[in-house]
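Asker: Now for the letters of each chain:
Protein chains: 2
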Amino acid sequence: MTSIPERVAVLGTGLIGASIAMAATRVGCTVTGWDADPSVAARAGERAGFEPAGSLEVAVDGADIVVICTPIAAVAGLAERALSAAPHAVVTDTASIKTPIAAAVLPSLDAPRFVPGHPMGGSERSGPEHAAPSLVDDIVWVLTPTGSSDPAQVDLLAGWIGRIGARVLRMTPERHDRLVAFISHLPQVASTALMALAATEEAGEPEILLLAAGGFRDLTRLASSDPVLWSEILRANADQITAALDLYIDRLTALRRDIANADADAIERTFVFAKSARLKLATKPNVRAGVAVLQVPVPDRPGALASLTASLGVGGVNIEDLQIVHSPEGGRGTVHLTVAGADADPAAEILRGASFDPIRLA
Amino acid sequence: MTSIPERVAVLGTGLIGASIAMAATRVGCTVTGWDADPSVAARAGERAGFEPAGSLEVAVDGADIVVICTPIAAVAGLAERALSAAPHAVVTDTASIKTPIAAAVLPSLDAPRFVPGHPMGGSERSGPEHAAPSLVDDIVWVLTPTGSSDPAQVDLLAGWIGRIGARVLRMTPERHDRLVAFISHLPQVASTALMALAATEEAGEPEILLLAAGGFRDLTRLASSDPVLWSEILRANADQITAALDLYIDRLTALRRDIANADADAIERTFVFAKSARLKLATKPNVRAGVAVLQVPVPDRPGALASLTASLGVGGVNIEDLQIVHSPEGGRGTVHLTVAGADADPAAEILRGASFDPIRLA
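These protein sequences, in sequence, are chains A and B.
Counting from 1, position 174 in the first sequence corresponds to residue 174 in the numbering used here; the numbering is continuous, with no gaps.
Counting from 1, position 55 in the second sequence corresponds to residue 55 in the numbering used here; the numbering is continuous, with no gaps.
I should point out that these hints are in silico values taken from the structure, not numbers from a laboratory.
Small disclaimer: the values here were computed from a predicted structure and weren't measured.
Some clues are possibly wrong.
If several chains are the same, the list does not tell them apart, and a pair holds so long as it fits within one copy or across any two.
Only pairs whose alpha carbons sit at most 20 Å apart, straight line, appear in this in silico SDA-like list of lysine to any residue [claimed, not checked]: (1) Lys280 / His336; (2) Lys280 / Glu202; (3) Lys280 / Glu201; (4) Lys280 / Val293; (5) Lys280 / Ile249.
Next comes chain A alone, as it looks inside the complex (with noise of 0.2 Å):
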């Protein structure tokens, strides 16, 4: 029987290694961490509360688990140095695309405890200052087990994944690869190749962007991503993005045809189609099921937004998720507030006595 781990080495200390080293710690983990900047250790244990470790052999040395969360490129070498130097630890990483870790690291000898993982979560900001143990509360943390992984060494990193807040999700590494392709990579493309379309058509049209209103506005937002971060992940997972580009391309190339057709039904199908799907996802990952989404007009004043933000708080409404939208074709504010569904009714009643006039949306 392995006992409840109590020894966590973390490599690579960054916003995410920092995030992990701090949530481990308070259920009572023991913390060590390693960073190839020791600078980065040092910020991190400043934070976390650990003594940075002068090497990563040191750093692993009677770890249970070892959590690698560094840039995909290191993490290969990484692990096999973990795995030599903690020879009863299981090691995993965080790496945003799973298939070329297991390829990278699978060859070069037989892994029974390396399982590798992506925790889903991250936040706008790096580095170790910006770290928080709630940046794992109720994310979905993906674990890949390669073919030699151990099940038993699977079975103990969830349990501690678990334990430390996360809700774990299995599959292989290429089913994972393949669904970020199509729900994370491909929207990524999708919205720069807009932008970059919309920014050449604006030399010869400087008025366009006078026109782009909430709708664009959504498409594009994904658009000021960094830049190099993306090359990167798009290289690395460039078959099932090209596979989900395909399948994207197809559907526009329908989609035009329609329109060039002018067949109404055809067209018809396919927006009541993504509609339906659209409004049975929820808008944050964690509450998918049982959410609702109230739309509530909102004046264009100082303290419009106070007044409604601070009648749920004082109702105890936890507000899930809140948008200002704007029509399609600009104007007016109006806010998309999810909640839980538990809330949608006593939501919808604070929100009247508060002299706003919501809708329930779904």
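Starting from the known structure of chain A, arrange chain B on it as the hints suggest.
Answerer: Showing chain B alone in chain A's frame:
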């Protein structure tokens, strides 16, 4: 010399028509209204404070300005009747596609008093009950004079539109339809196609939408738009939309090639170009120039947003826009606040005083 117009007739008194009636009343115009559905006219009259006319001809009798606020298909017929029945009035419409309107009205008569238009405002709602004069405030209202529009009539109409609160932008019908194809219709098609693709994948991969975070949600929000309305718009502007779609598919195909070739430089160039353009695009159409965006991490508990918005409200800072964003891979709530540029420093100061930690993004 034309005097300031005082008599306005609104034909079609749904959300847009009734809102324009209210905005006109607000500045002292005499308003009449008519709708093909007498109950809609009655409800609009009650809300906007006019006596509904029993017929179009009665409504426009003696009018200086006639505004047609019906679906696209009805505009041309009503415009001809209004031009005949109101021999001195300038007649305009509010349909979201302009070329078919101009083409339908012009061949049948010489129409110097017909000036097509498109107020780029609206609401998630419909019906005169939700009308408000503020719907017109500061919106971009495009006028698309045709070759036979009399410049004096265009000026008269433009002056009145400015007087009721909107900002006039003049362009040809063709240019309007081309620009909205890129900035409004293409995003709609891109969003619907992405949601339809992911929903189709979901049939074989029920967990795919569990991984869907903020980015996917942003990209698919438009997919919940009205299928019948959009089918009409896409068919009415088919030439421009298919041309924009072709360019979009070209962009996606080029990015696909760069990804397949693992061409890091080419991928990064596209991403850098798009990122730079997106950061220049303000988040709210009315305040494109001179806005600032603050990024603020917000704890996920009741009252957290209330504290943020209340502190700004008390400090007199108007929130131009607020979005709760999640990282591309999910996780904690971060708020992007848009405020007037001059408010950026005071807003940051206020937030720090309330124990938030804002970073200025743009």
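Asker: Now tell me, hint by hint, if it's right for this structure.
Answerer: Each hint, compared with the structure:
Taking CA atoms no more than 20 Å apart as the test, Lys280 paired with His336 passes inside one copy only; the shortest distance there is 15 Å, against 25 Å between copies. When the C-alpha separation of Lys280 and Glu202 is checked against a cutoff of 20 Å, the pair qualifies only between copies, where the shortest distance is 12 Å, while the shortest distance within a copy is 36 Å. Only between protomers do Lys280 and Glu201 lie at most 20 Å apart by alpha-carbon distance; the minimum there is 15 Å, versus 35 Å within a single protomer. In the homo-oligomer, the alpha carbons of Lys280 and Val293 lie at most 20 Å apart inside one protomer (11 Å), although the nearest pairing across protomers, at 31 Å, exceeds that limit.
With identical chains, the CA atoms of Lys280 and Ile249 are never at most 20 Å apart, being 24 Å at best within one copy and 28 Å at best between copies.
Against the hints set out earlier in the document, a violation occurs for number 5 only.
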